[in-house]
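Peer 1: Sequence:
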Amino acid sequence: MELTGRRSEVDRIATLAVLPRESAMVVVGDPGSGRSSVLDAVSHRVSIPVVRLGVNGAEARWPMSGVTSLFTALDDPRASAHIARLVRNVDEGLAAAHDFLDAVHALTLPPTLVLIDDLDRMDAESQELIAFLAGRLAGTALRLVATVRRVPLDGPLASLPILRLTPLASDEALVLARDMAPEEANDGVLAVLAEETGGNPGALREQIAGLRREQLVGTEPLVLPLRPTPTTTAAAELVLEAAAGRDLDVLTRLALVPTARVAAWDRDAIDDLVGAGLATVRGQSIGVKDPLVRSYLYWSTSAKDRREAHAELVVAAAAHDDRSAAWHSSFVDDVPDAVALLEAGRSYAREGDARAAVTLTERALHVGTGSEEEHIALLGVTEVLLAHRLLGYAQRYLAAIKPFTELPDEVRRLRLQYSVQYLSGDAVHADELMVPVDTADPAEADAFTGLLAMVASFRAEAWELDQARDLLQRAETFEDHASKHTADVLGTVRELVAAVDGTLPPDAELHDGLAAQQLLAMSDPALLLLSHALSIAERYRSARRVFALVLARAKDTQPVWIEAARYLSAENEVRSGNYRQALRAIDVWESGSAVTERLREPSRAIAIAWRHFAEGRTADALDVIDHCLRQRSTNRLWGATAKLYALRGRVLLLDGRLDEAASSLEAADAIGRSLRNPAVLRHLGDLVEAYVRLDRVDDARNITARLAADHHARPSRWGALVLARSLALIADDTTRDTSRRRALELFQPADSQFERARTFAALAAIGNPADRARLGAAAAAAYEAAGLRRPLVTPAPTVAMPVLGQPGAAGPFAGGVRSGAVLSASTPMTPGTPRSAPDAAAVLTSLTAEERAVVQKVTEGYRNREIASSLYMSQRTVELRLTQIYRKVGARSRSHLVALLT
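Residue numbers for the sequence shown follow the working numbering, so the first one is 2 and each next one is one higher.
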């Protein structure tokens with residue numbers, strides 16, 4: 002199984018193997034945090050010899066047993082000769098330490114990485130000697146990494162560099178849970194487990210293994226807090242051990258409730274717990290900080306004592322905290338009030354406290370009777386969870402709600418069901434809407450009209466325009482009863498359908514010329530539909546303006562609409578070719594997300610893959626795309642699947658993998674064949690180029706003819722530019738010069754610099770040697786102008802751009818994890834290299850090994866902060882090294898340095 006969520010830690014440790022100096026590091030992590038898994042990943046990553054040393058705790062009572070194991074593991078026949086002398090001198094203190102250091106220096110070893118798992122379980126004498134050695138590795142050829150659970154401030158390891166394994170983020174823990182669980186497991190249940198195990202991989206694995214099948218698939222509720230597993234117990238005891246001497250009675254009682262109002266508790270005791278890091282205050286609420294500690298304390302209390310404590314706490318909470326009172330009452334009352342629990346859960350969800358909301362909802366499902374009143378209350382909880390973009394939870398509770406008999410309630414349920422399906426990447430079939438609806442109630446008519454409009458927008462996004470128009474036609478029957486909000490949404494859905502079809506009217510004919518007064522009166526969903534339609538129609542500036550309106554009133558906007566605005570805004574910048582702004586928009590979007598499900602939602606996967614691609618990390622981009630394509634849900638949403646294949650084809654094309662690129666682009670074409678607007682999917686230009694470079698000229702001409710016909714029927718600026726490039730690529734000898742000149746002259750300053758770069762690079766790839774360097778340099782300049790953090794260059798057909806980790810990649814960074822140009826004197830000239838660029842070998846020989854390491858990271862798109870983290874140096878040191886590098890190689894800027902060396 003691939004290690005999830007520890008990539009940066011593995012990168013930092015693996016860097017020790019390539020640094021020119023010997024180094025040591027201590028990796029600190031709780032039980033279950035994955036210390037051993039990180040060392041496993043490192044041992045498979047590095048190219049130098051690795052000595053892996055496991056610690057047998059039973060040997061800790063034998064002095065020097067750890068040092069004996071270390072010398073035995075080293076690949077030098079003289080190592081064993083030193084063991085007896087070291088054991089005899091163990092009581093000589095500093096002299097013994099120097100003897101140990103001399104013994105290591107006497108060995109003849111190649112550069113070797115020593116990995117010691119659970120060093121703190123070794124005998125004390127060995128810990129001290131190894132810590133002494135770790136600070137004096139110079140001249141030993143050893144790089145040493147040891148894992149421990151804790152580093153005492155007065156212990157021998159306290160002076161060494163420390164890398165802490167923090168708990169996994171929620172999204173990383175969810176990805177790990179999906180890998181661990183059976184395929185049939187409910188995604189919402191896995192989201193609950195990921196949250197309730199606090200990002201601890203070991204505890205998560207044990208909880209998944211301990212649940213019944215009915216709980217995993219979501220047909221039975223979970224009991225929260227989760228019962229402690231061995232890892233939970235070990236991690237919690239370690240935390241509580243550090244808090245020894247404090248009064249933990251209040252913490253134990255606090256563990257009985259997911260969250261509580263501060264006013265109902267002793268303020269001095271609460272402040273003490275918060276100061277010790279055992280509890281956390283959020284506004285006027287307090288709760289146990291670590292869910293593993295809460296689980297341990299909750300279940301360490303006997304059932305009788307818990308019930309008595311709940312009875313006392315319900316009385317105390319009645320005056321200050323109705324929600325806590327509802328929770329405690331459910332353990333005391335003979336007939337628990339499930340509706341009260343659900344209403345309290347909905348209140349928590351509104352405040353953004355998803356953990357408390359989920360805990361109370363699971364309790365309600367456990368004690369409830371399944372009445373319609375309870376299902377209506379559960380529907381309210383689910384609506385708020387979805388509004389906060391908590392898809393997994395919404396999906397989990399939606400499955401527990403049965404169809405309603407009353408139309409308004411059923412419309413609410415269907416709206417939720419279709420929204421969750423769409424946002425999860427599934428096709429929205431909406432078979433329920435096939436049943437005719439006849440209602441004279443204006444409220445019911447308005448609700449049903451809004452539902453039809455919503456599903457029509459999903460159909461338009463999936464490029465099923467005929468079905469979308471049918472739904473809009475049905476909505477006309479009830480349009481007279483529609484509220485202003487519903488009417489606005491209905492109108493903007495019609496505009497979205499027109500945009501996808503390539504027939505959107507000019508801006509002057511939309512909403513009084515997109516007048517500010519008209520736009521400000523529209524709801525957030527209507528504005529998002531309008532701005533998305535404008536973006537598809539290549540009116541990027543107008544779309545930017547409308548997106549800004551939604552984001553400007555974010556304080557009053559539901560999180561789901563804010564996130565949609567951020568994503569669609571980033572997509573607008575990608576389509577416009579404004580890559581600098583697109584990268585910033587994606588960063589803002591991701592940092593503002595809640596529980597992110599990055600590899601299952603197609604929109605998120607496309608954005609993340611695109612960012613990897615724009616930053617020059619081809620392998621990472623393909624990993625994300627391929628992972629998403631493997632998900633069954635995505636394969637049912639054909640529009641998203643076509644976009645994934647189109648992006649995959651583009652990445653492969655620019656990486657020079659032409660056969661694979663053609664296959665992916667053909668898959669995108671097969672899925673999107675019914676879409677007659679070529680500016681939506683934007684794959685035909687890439688397919689023409691792939692065919693030409695594969696000498697499949699007849700196929701290229703057929704695709705160009707299709708592109709021309711579609712463009713003439715639905716003209717667009719993008720279509721004109723790409724059609725001109727395609728015609729230049731397929732031109733014969735008599736028209737080649739004219740068509741290529743036209744393809745280049747057609748570009749205006751306001752046009753996409755990325756498409757301009759693509760045209761230069763495509764013509765360079767098939768051009769003669771005299772033109773190739775000139776066009777390639779122009780392509781590199783245009784890529785940089787487009788805002789790519791590392792210029793992407795299309796290699797000539799006979800030249801493969803070397804990437805990290807491939808056979809033949811030169812230099813100390815071969816086998817790295819990010820793809821990019823290898824800094825080697827043998828790197829061939831590519832069409833993006835400026836003609837005046839100095840020879841890379843001459844530049845590199847003037848740099849020190851550490852400076853070459855910094856340059857390598859720069860060419861891979863790392864920022865200074867990321868370089869400092871990965872090379873284990875301060876950010877100030879990175880800045881100083883870059884200044885020295887610029888002076889040595891004559892670079893004017895970071896981008897100029899990249900151009901010189903790629």
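Derived from the structure by calculation, the hints contain no laboratory data. As the structure is a computational prediction, the values presented were derived from the model and not from experiment. Treat the hints with caution; some may be incorrect.
[What the hints assert, rightly or not] Within a straight-line C-alpha distance of at most 25 angstroms, the following computed DMTMM-like cross-link-like pairs (lysine to aspartate or glutamate) qualify: (1) 290 with 269; (2) 403 with 462; (3) 290 with 334; (4) 305 with 272; (5) 290 with 250; (6) 485 with 407; (7) 305 with 352; (8) 290 with 335; (9) 403 with 250.
Peer 1: Take the hints in turn and mark each one as holding or not.
Peer 2: Hints, one by one, checked against the model:
Only pairs whose Cα atoms come within 25 angstroms are accepted, and residue 290 paired with residue 269 is accepted, the gap being roughly 17 angstroms. Restraint check for residue 403 and residue 462: the C-alpha separation of about 28 angstroms exceeds 25 angstroms, so the hint is violated. For the given pair, residue 290 sits about 28 angstroms from residue 334 by alpha-carbon distance, which is inconsistent with the 25 angstroms threshold. Taken as a hint, the residue 305 and residue 272 pair is broken in the structure, with Cα atoms around 29 angstroms apart against an allowance of 25 angstroms.
Distance check on the hinted pair: residue 290 and residue 250 sit about 15 angstroms apart at the alpha-carbon level, within 25 angstroms; holds. Under the criterion of a C-alpha separation no larger than 25 angstroms, the hint pairing residue 485 with residue 407 is consistent with the structure, at around 24 angstroms. Between residue 305 and residue 352, the direct Cα distance comes to roughly 33 angstroms. Violation of the 25 angstroms bound is thereby established for this hinted pair. At roughly 31 angstroms between alpha-carbon atoms, residue 290 and residue 335 are farther apart than 25 angstroms, so this suggested pair is violated.
Of the supplied pair hints, the one linking residue 403 and residue 250 is violated, its CA atoms being roughly 43 angstroms apart against a limit of 25 angstroms.
In summary, the numbered hints that this structure violates are 2, 3, 4, 7, 8 and 9.
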